[in-house]
Amino acid sequence: MFIPMLLSGCGGPLSTLDPAGPAAASAAWLWWAMFAFATVVLIVVVALWLYAMRRDPGDVTDESAQRVQNRWIVGGGFVLPLVSITALLAFGIPAGHNMMPLASDEDVLRIDVTAHRWWWEVSYPEEGIALNNELHIPVGVPVHVHVTSEDVIHSFWVPRLAGKLDAIPGRTNVLRLQADETGIFQGKCAEFCGAGHAHMDFTVEAHPQDDFDDWLEEALQSND
Amino acid sequence: MTEAGTEERQALHQRLERVWANPPGWRSLAAVNHTTIGLRFMATGVVFFLIAGVMAMLVRTQLALPAQDIISPDVYNQLFTMHGTVMMFLFAIPVLEGMALYMIPKLIGARDLVFPRISSLGYYCYLFGGLIILSSMVLGMAPDSGWFMYTPLSSAEYAPGPGSDFWLLGITFVEISAMAAGIELTVSILRSRANGMSLRRMPIFCWYILAMALMIVFGFPPLILASVLLELERAVGMPFFEVAGGGDPILWQHLFWLFGHPEVYIIFLPAAGIVSTLIPVFAQRPIVGYRWLVLAIILTGFISFGLWVHHMFTIGIPKLAQAFFSVASMLVAVPTAIQVFAWLATLWTGRVVYSLPMLWIIGFLVVFVCGGLTGVMLALVPFNWQVHDTHFVVAHLHYVLVGGMLFPLIAGFYYWLPHLSGRMPTRVLGNWGFWLTFIGFNVTFLLMHLTGLLGMPRRVYTYEPGLGWDWLNLLSSVGGFIMAAGIAMIILDIALHFRFGRPAPRNPWGADTLEWATGTPPVSYNFASLPDLRTRHPLWESPELPDTIASGEHGLTDVSHGRREIYGSDAITGKVRHVIHLPGNSWWPLFAAMGLALVCVSLLVRVYPLALVGVVSALVFLLRWSWENGAHPSAALLVHGESHDPPLHSRTTDGPGLWGMVVTLMANGTFYLSLIFGWLYLWTASPGWSVPEGEQIALWLVIASGLALTAAWMDFEGAVRALRRGVDQGLQRRFWRAGLLGGGHVALLLWALRDASLAPTALAHDAVLLVMLVYVLGHGGLAALLTVLQAVRVGKGYVGRHVPYEPVVVRPFWVYTVGIFWLSVAVFLLLPMAWGTPA
Chain G
1 MFIPMLLSGC GGPLSTLDPA GPAAASAAWL WWAMFAFATV VLIVVVALWL
51 YAMRRDPGDV TDESAQRVQN RWIVGGGFVL PLVSITALLA FGIPAGHNMM
101 PLASDEDVLR IDVTAHRWWW EVSYPEEGIA LNNELHIPVG VPVHVHVTSE
151 DVIHSFWVPR LAGKLDAIPG RTNVLRLQAD ETGIFQGKCA EFCGAGHAHM
201 DFTVEAHPQD DFDDWLEEAL QSND
Chain X
1 MTEAGTEERQ ALHQRLERVW ANPPGWRSLA AVNHTTIGLR FMATGVVFFL
51 IAGVMAMLVR TQLALPAQDI ISPDVYNQLF TMHGTVMMFL FAIPVLEGMA
101 LYMIPKLIGA RDLVFPRISS LGYYCYLFGG LIILSSMVLG MAPDSGWFMY
151 TPLSSAEYAP GPGSDFWLLG ITFVEISAMA AGIELTVSIL RSRANGMSLR
201 RMPIFCWYIL AMALMIVFGF PPLILASVLL ELERAVGMPF FEVAGGGDPI
251 LWQHLFWLFG HPEVYIIFLP AAGIVSTLIP VFAQRPIVGY RWLVLAIILT
301 GFISFGLWVH HMFTIGIPKL AQAFFSVASM LVAVPTAIQV FAWLATLWTG
351 RVVYSLPMLW IIGFLVVFVC GGLTGVMLAL VPFNWQVHDT HFVVAHLHYV
401 LVGGMLFPLI AGFYYWLPHL SGRMPTRVLG NWGFWLTFIG FNVTFLLMHL
451 TGLLGMPRRV YTYEPGLGWD WLNLLSSVGG FIMAAGIAMI ILDIALHFRF
501 GRPAPRNPWG ADTLEWATGT PPVSYNFASL PDLRTRHPLW ESPELPDTIA
551 SGEHGLTDVS HGRREIYGSD AITGKVRHVI HLPGNSWWPL FAAMGLALVC
601 VSLLVRVYPL ALVGVVSALV FLLRWSWENG AHPSAALLVH GESHDPPLHS
651 RTTDGPGLWG MVVTLMANGT FYLSLIFGWL YLWTASPGWS VPEGEQIALW
701 LVIASGLALT AAWMDFEGAV RALRRGVDQG LQRRFWRAGL LGGGHVALLL
751 WALRDASLAP TALAHDAVLL VMLVYVLGHG GLAALLTVLQ AVRVGKGYVG
801 RHVPYEPVVV RPFWVYTVGI FWLSVAVFLL LPMAWGTPA
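Chains G and X, in that order, are what the protein sequence lines are.
According to this note's numbering, the first sequence holds residues 1 to 224 in order.
According to this note's numbering, the second sequence holds residues 1 to 839 in order.
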């Protein structure tokens, strides 16, 4: 799997491996760490199996079989998975922390996103701005995206910035979104929603704070 | 062997064959033999596999290049929905059930399963349900909401055509077969093992199948409930999953995955059972860590019911729940790792013989461990949020299902092929088949992990060029076709081996288990005589066993009475307690399945009077079928002064029917608990839940009907107690009285229902109440009906002091009916009163 990755790079406008925000960055790091570890485990387990099939066991008494059993089952069946899981959770749970709204988030820009078949209705409730299929955010600070749906279940996903969150009729979910660099980031609906699902795209443009204020101004005027 | 010995054997064979054989020609549709039914399940499953495989090829063709329009989005959505649905429900589960039905009696030293006619019913439900689902594709109106049918995408508003109905009705119909197999396998494994085969001496495969069977019993009811509720919503507008009426689309997800996750292990466990069976044979030593494996199997079963929410991490759930389900999902790695390392230890201490089945086992290991590792990754919430619903998940699930199920299954096919055909598989084509499949699979799906990480969501019918996905998709498609060539090679190989394979010697792989002591190809009765067992490895420790069995040196060789008989044994020790007489070939299962098919089709086309005809005819056929039981002349007529040692099961109070009833009620109870779960879930979590004011249903009437029901049950209970003591005076009178009281209960409850002010199409609250009332009514009615039939049977002499079997079977049904009645009153009527109406 390394070779194709090297060949393609990990780029692409929707690549989770080319993160541009803190949430996506920690998910990408988690991936690389888990990938490396899993590769080692896979190779070692398969190598052990192949070796075990070839080796001459010699004379196996019941006691020595018992010893082999204890060694492999305790070591491989309990210690290996439990240690791995503990390590994984120790890194993983804190990493997930900043993907949901934090208690420390104050004065954060709120953006409401309502999913429809097959477009995204975007509004800035405090500013009174309404848009379709595009979000604008200031760079370097978190915003809260309040996601819901008017019809079926959709999922709001900007792979380079953060994980996805479902847009569900009757409920509102809040995603903490932050871009660490300026630019236009592609978003896609990630929950199958019918015939137009493949084309239910949107963009998130991250502006420097000053530009963002200008954009707000302009958008307010054109909205009036 | 002497000539006289051979002749004697031949004569015994003919006597047994006369009793056990299938009817010839087209009349073999009435066959109930487990070998026949198991083969039918597997053959039908393979056909469905090929059809679903073709759908996958079409999907890969469409995705091979960006921005293609070979297939319209409309057809594409039907294709991937059907691919998943057919592979899961019409291939994976049934083919494994078929294998279990075929193998289990042979492994435990029995001649058939304990409910042979149920096997036949199950097969026809599977076949008809499968054909109904498939017909939707032919008609161009297949379901198109994905195989997990999320609401509201699958609801009437967004899926107005009949596609979703095909899915809901067809799958529910097919699930009858899974439930039937689950119940039958559980009871057979527990109650019909060879004399002396204690639980500790049971072949490890039986433990796996026992776990699978019990998981079916507890795992399928939530989905059956969800399907019934969604079909009610679609057909008559009861808003269980609709926010506007106080329902919640997330309830569907909970019920679906409550089934859906155990389902993965329902598929994996039997496949792992094949691995655990083959490895010791080819390592030429007993499995290492038998007890550890049993522990791992039980752990897997339990844990798998506690991690369904990991399919729903992105719906916005609280952090604590996330952490809980994340840990639970990872913990399932422990029992899996125990198995992998027990297999390793067995290979380590054994002398391994190379063979085609072993090649597939190695393929299994590589693919499955890889899938397990990505599974642990997916359980980590922050990573899950990125790759959920992308092609990464598609890759993961194929690694787990193809690696964890298909590879061991093919290993098992090759291993047991000589058992079925009496011929050995060939080497050359088989090796080609393996390598093409293995390489093709990995080219397709290993790369697909990366496609997902690069942001490609699942279930998109096309994509724009330039997103970095182009060449990955092209290679995945090429790999898919290589894999298809591999599968074609395997089928060719197996087809040719029937003609050209060299004849197999007895026990060709040198196995330790009893199935190789039956004839190869198998005979209808499996074993001419039923041996006692003192070891877990009968054929290793007594290699002469096949001969002594065939020459009738063990038990139960007398068939002069014309009955099909097997031993009924103790669940723990395996000591023989009685002789079970099994029913023979019968048309009733086919007719009952046809009645159910009529129900299914007429609900699809919405001709409800016809559906009622179907229900009534199915019920009549089922009851007619149940008539041939106990001391009925076609079962085991009571002869004056008869004495059997061990006794016939119908002369005892602890036959397999009682166990079958209890296991059925466990499934039924899970269905009912799922309904309670839905009720409490909607009360606490539904965003638009609303409760109507005032008393909707006359409580005093409900209580009065409950008192009638309780009185009926107490009457029945008293009669059964007396019967157990050997007293049958007044038995018929008491049954009549209990039946009539039960009828009174039904009448009172119907009255209450008629006067109730329910608005089931406007409010989810009222819709749930109505479902609960109908459920309770149905049980009361059925209990009364069965009791009246018992009264008639007492009059006929089929039930009585000497034949106390049937009332003992009906008794748990009464207990259950009374139990759920009062529980319903408490949870659905009294609890909300105490709770008060939410503001």
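There's no promise every hint is true.
Quick list of the computed label-pair ranges, beta carbon to beta carbon [stated by the list, open to error]:
id	chain 1	residue 1	chain 2	residue 2	range
1	G	Glu127	X	Ala321	46 to 56 Å
2	G	Trp119	X	Gly140	24 to 34 Å
3	G	Val46	X	Val236	51 to 61 Å
4	G	Trp119	X	Pro318	28 to 38 Å
5	X	Pro521	G	Leu82	40 to 50 Å
6	G	Val44	X	Pro318	29 to 39 Å
7	X	Tyr681	G	Thr203	53 to 63 Å
8	X	Ala321	G	Thr86	12 to 22 Å
These are computed hints drawn from the structure, not numbers from a lab.
All values derive from a computational prediction rather than experimental measurement.
By construction, the Cβ of each residue, glycine as well, lies at the ideal position given by its N, Cα and C atoms.
Results for each hint:
For the pair Glu127(G) and Ala321(X), the supplied restraint of 46 to 56 Å is violated, since their beta-carbon distance comes to about 34 Å. The hinted range of 24 to 34 Å is satisfied by Trp119(G) and Gly140(X), whose Cβ atoms lie roughly 28 Å apart. A C-beta distance of roughly 55 Å is found between Val46(G) and Val236(X), which places it inside the suggested range of 51 to 61 Å. Hint check: Trp119(G) to Pro318(X), Cβ distance near 30 Å, so the stated range 28 to 38 Å holds.
Separated by about 47 Å at the C-beta atoms, Pro521(X) and Leu82(G) satisfy the suggested range of 40 to 50 Å. At roughly 37 Å, the beta carbons of Val44(G) and Pro318(X) sit within the given window of 29 to 39 Å. Evaluation of the 53 to 63 Å hint for Tyr681(X) and Thr203(G) yields a failure: the beta carbon distance comes to about 37 Å. At about 20 Å, the CB distance of Ala321(X) to Thr86(G) agrees with the hint of 12 to 22 Å.
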